[in-house]
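Enquirer: Spelled out from the first residue to the last, the chains are:
Number of protein chains: 4
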Amino acid sequence: MIIVIQCIDRVGLVAAITGVLAAQQLNIISLREHVDKAENRFFLRVQVEQEVAPAPIANQLRAVLPPEAVIVVNPLPEKRVVVMVTKEYHCLADMLIRHYFKTLQASIQAVIGNYNTLQDICDRFEVPFFHISHEGIYKETFEQKISEQIGQFTPDYIVLAKFMRILSPAFVAKFPGRIINIHHSFLPAFAGANPYRQAFERGVKLIGATAHFVTNDLDEGPIIAQQIIPVSHSLTAADMMRAGKEIETAVLAKALRLVVDDRVFVYNNKTVVFE
Amino acid sequence: MIIVIQCIDRVGLVAAITGVLAAQQLNIISLREHVDKAENRFFLRVQVEQEVAPAPIANQLRAVLPPEAVIVVNPLPEKRVVVMVTKEYHCLADMLIRHYFKTLQASIQAVIGNYNTLQDICDRFEVPFFHISHEGIYKETFEQKISEQIGQFTPDYIVLAKFMRILSPAFVAKFPGRIINIHHSFLPAFAGANPYRQAFERGVKLIGATAHFVTNDLDEGPIIAQQIIPVSHSLTAADMMRAGKEIETAVLAKALRLVVDDRVFVYNNKTVVFE
Amino acid sequence: MIIVIQCIDRVGLVAAITGVLAAQQLNIISLREHVDKAENRFFLRVQVEQEVAPAPIANQLRAVLPPEAVIVVNPLPEKRVVVMVTKEYHCLADMLIRHYFKTLQASIQAVIGNYNTLQDICDRFEVPFFHISHEGIYKETFEQKISEQIGQFTPDYIVLAKFMRILSPAFVAKFPGRIINIHHSFLPAFAGANPYRQAFERGVKLIGATAHFVTNDLDEGPIIAQQIIPVSHSLTAADMMRAGKEIETAVLAKALRLVVDDRVFVYNNKTVVFE
Amino acid sequence: MIIVIQCIDRVGLVAAITGVLAAQQLNIISLREHVDKAENRFFLRVQVEQEVAPAPIANQLRAVLPPEAVIVVNPLPEKRVVVMVTKEYHCLADMLIRHYFKTLQASIQAVIGNYNTLQDICDRFEVPFFHISHEGIYKETFEQKISEQIGQFTPDYIVLAKFMRILSPAFVAKFPGRIINIHHSFLPAFAGANPYRQAFERGVKLIGATAHFVTNDLDEGPIIAQQIIPVSHSLTAADMMRAGKEIETAVLAKALRLVVDDRVFVYNNKTVVFE
Chain V
1 MIIVIQCIDR VGLVAAITGV LAAQQLNIIS LREHVDKAEN RFFLRVQVEQ
51 EVAPAPIANQ LRAVLPPEAV IVVNPLPEKR VVVMVTKEYH CLADMLIRHY
101 FKTLQASIQA VIGNYNTLQD ICDRFEVPFF HISHEGIYKE TFEQKISEQI
151 GQFTPDYIVL AKFMRILSPA FVAKFPGRII NIHHSFLPAF AGANPYRQAF
201 ERGVKLIGAT AHFVTNDLDE GPIIAQQIIP VSHSLTAADM MRAGKEIETA
251 VLAKALRLVV DDRVFVYNNK TVVFE
Chain P
276 MIIVIQCIDR VGLVAAITGV LAAQQLNIIS LREHVDKAEN RFFLRVQVEQ
326 EVAPAPIANQ LRAVLPPEAV IVVNPLPEKR VVVMVTKEYH CLADMLIRHY
376 FKTLQASIQA VIGNYNTLQD ICDRFEVPFF HISHEGIYKE TFEQKISEQI
426 GQFTPDYIVL AKFMRILSPA FVAKFPGRII NIHHSFLPAF AGANPYRQAF
476 ERGVKLIGAT AHFVTNDLDE GPIIAQQIIP VSHSLTAADM MRAGKEIETA
526 VLAKALRLVV DDRVFVYNNK TVVFE
Chain R
551 MIIVIQCIDR VGLVAAITGV LAAQQLNIIS LREHVDKAEN RFFLRVQVEQ
601 EVAPAPIANQ LRAVLPPEAV IVVNPLPEKR VVVMVTKEYH CLADMLIRHY
651 FKTLQASIQA VIGNYNTLQD ICDRFEVPFF HISHEGIYKE TFEQKISEQI
701 GQFTPDYIVL AKFMRILSPA FVAKFPGRII NIHHSFLPAF AGANPYRQAF
751 ERGVKLIGAT AHFVTNDLDE GPIIAQQIIP VSHSLTAADM MRAGKEIETA
801 VLAKALRLVV DDRVFVYNNK TVVFE
Chain X
826 MIIVIQCIDR VGLVAAITGV LAAQQLNIIS LREHVDKAEN RFFLRVQVEQ
876 EVAPAPIANQ LRAVLPPEAV IVVNPLPEKR VVVMVTKEYH CLADMLIRHY
926 FKTLQASIQA VIGNYNTLQD ICDRFEVPFF HISHEGIYKE TFEQKISEQI
976 GQFTPDYIVL AKFMRILSPA FVAKFPGRII NIHHSFLPAF AGANPYRQAF
1026 ERGVKLIGAT AHFVTNDLDE GPIIAQQIIP VSHSLTAADM MRAGKEIETA
1076 VLAKALRLVV DDRVFVYNNK TVVFE
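Residue numbers (our numbering), protein chains in the order written: chain V, 1 to 275; chain P, 276 to 550; chain R, 551 to 825; chain X, 826 to 1100.
Derived DSSO-like pairs (lysine-lysine); straight-line CA-CA distance at most 27 Å: (1) R:Lys652 <-> V:Lys87; (2) X:Lys1070 <-> V:Lys37; (3) V:Lys87 <-> V:Lys245; (4) V:Lys245 <-> R:Lys652; (5) V:Lys87 <-> V:Lys145; (6) X:Lys904 <-> P:Lys520; (7) V:Lys245 <-> R:Lys795; (8) X:Lys1070 <-> P:Lys354; (9) P:Lys362 <-> X:Lys927; (10) V:Lys245 <-> X:Lys1095; (11) R:Lys637 <-> V:Lys102.
If we take Cβ atoms under 7 Å as the criterion, some of the chain V residues that face chain X in the derived model are: (12) Gly203; (13) Val204; (14) Lys205; (15) Leu206; (16) Ile223; (17) Ala225; (18) Gln226; (19) Ile228; (20) His233; (21) Lys270; (22) Val272.
Honestly, the hints are just simulated from the structure, not real lab data. Quantities reported herein were computed from a predicted structural model and do not represent experimental measurements. Built from N, CA and C at the ideal position, the CB exists for glycine as well.
My request is simple: use the sequences and hints to build the entire structure.
Expert: Next comes the structure, spelled out in structure tokens:
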């Protein structure tokens, strides 16, 4: 059983929380606690050997924690996700494979594309694909259609797997802390369009990718994971893009694994990640 | 203040330990706990905001823990180390620099060499160097001289910074869990002599180094840290050795930092490292 | 146009080779040459801007090179591969995705499995799958059936994507330097069965994977690529296996890309890789 | 013997160059050639087995190359460097150690500091230290004193080992392509002051360092080498700075090794690095 807690810090929180568990004869296998002193914020993730009914434990924990505490007891082992895409396949295909072989630790409810390019690959895995074009309609209407479609599937998370349209603050506000994006760059370097071209022209020796939660500034949300790969003068801009796709796929997969495993806490514009 | 505890696992340990701290109004900034189920072994490291007298806390903790528990409260910020060397300078020089600039988190009490090759570099940093040759004397006598010399300095740890003589079980037994060695290989690959030549001949694409505690089998102790670097066909065996020295220096520095920061627990032939 | 050459080294080879190209007004974009002095062996890969008929160039090159020289001019951009599997999907699925999206730089002609576990995923990508069971028949017969099946497809390379049967010297001899295997370990460490269990029990801090050409000793062929990932005490043996599958997939993909891009030379038990 | 050549690209250059070498019965051990098509620029580095007088070879090469070709035959094995520092020791100390043990492949002629903080460490290695303060004088005067001092030592390269003053275009113009800087950031991210604070506040999961040649924009010169290390929420801004110093030291050491080994070509604002 996993329990995650975030709240204002104060003396005695760990003792209070683990006291509740000990009283139930629950054995702690692994515990991570971190306090952000600057924010006076408390983050805890504990794994308990036994499985018991979550509700009573949650209530007992609530009784010993600050009223604003966010407490999740025994989160679902398998989260529900909706994936949004445009035309690039690499991140989606990797997720579909893991979904199909039951190693995603999440279940892909549906895929929404603003082009139908990736319909076929979804069909091959019998994952519902919905083509919602952005063309010829107001952004407001486009996003309205998307959120209605998403609404059908009540996902825990929405994964932007190379979805190339900027989402409006209104849309983002509907899913606070639940939209995960893979940015094709080692943020904050090369934010914005065509980062591989930028990297190529700058002659950098490393390129990277960044997975982050989406806030109202697409490239500025809390960072979940980042990785890089070395590159050299011998790569063309196209080679860099290919290499970039590899790293994007790896980083998004890692970020999603951390998130669905309840190892990522968000506060202000940062994350606490108990890897 | 740092507190580290290792003992048999049982229900309620974290609650008992943190209860003691809470009763003293001590605020936990960071806590890591791990249980090795196979061994039923409990490992905990906690950082507390305040500084208080260690003895009373230690006694209160002892009262709530199994009798065999190992409890260290507020370990010295700066450990005492004696370094043993042969002829290679790279690891020693890196330690001397950090020692000199007070970033080693440890204090080098003395350096013992079975050759005098590295006397001069120690002199330049005013670190006592003792030349104890292994030549023409029994190993028993050689080790006796070394342990007497070490005894003068009551070190917390003995660092084998490319010390190329195999130490006897009798010697190792005098300093259980306190001798740190850097092995010039990614163990368990290429254990034994001339690993770079072996790696070169095998045509591997990565070479590495391993820092470990010394047990009676020199290359088989609990591993603290390992790192690798990529190599290619274009490197000669000599190039590989040079590259290997870089990685040896980095790994030993990392391992020492983890150990002196009380982040490494040893049990049986393994380590728990709270990085 | 790519030209790769391997032969005995002697003075003037690069001048002779590039002289032939210059006489044809061919412009060299990229050239890599390496001599293994110990073996007195010459390796060269050159990329020429223009595309011309290979045969005449090959003949002119042959005229200026030692008779035993291996010369390949303008290798096919897309190699033909047959994949052999057992039950694990991760490497095969990654290859199928790249095959489907035309980014494998190779074409998967067929998949042969000694179990039918992976029939379905192949069907979804319309790649022929042949189930050839090893059960109840002599190894000789088993391998005979496999090589007949392979024969249908005249592949350039045979990729063992987690094929868990040991192949006989007789089988390997049929495809010299053309069988690529992914070994679930950072060779030479943990050769043999269950390396993740071994790694877990040894308490290593890194695990890796190795892609190599198969020779008569399954785990001892020339190494093409190796990578590692850090692991810690917090991983179970099962976690290590999962992490291992990720790195196996990445390493095999990298190795295959290098091989089909004609960047890998094999000589004796080593490789020269012009990355 | 090493030969490096940079010039406008045209058909037949490799044949012409290697023809000259073959005529002298010189055997090529290793050759790297790269053409930047966008710039129509040719870069070549060749290692020849034998050692012969450079002048005649250089003249013969000049006869077959474009007039503007830059040709260096048999560069000095040991380059002369002057190091400029402020107060931080880590990069300088690493260089002094390598200098002392003759593994720098370069000779430190002198160290110039705008503070005298690092006088003592230089004295310990008998390397001349010159304190030239920037205080109370015009920048012009300050730089004038520095370049006069540098002039005494006719260095091949000037290494800014954490020299924290911005150099004027006039100063930089005196040493074109010969000033190497280590930037405490993964450029282009976090250019400018206090990058670790910026990285900490942004909550990035990787921090890095960049070694580059200095042009008139201090942080925008051609990049020689970059590396990163993972970081996490558990690091304070001070921890990040410590980690950053480690990576700065490693990257500057690598960059200097590449440069003094004549593996780095500069053209426009990029580098070609034959690792």
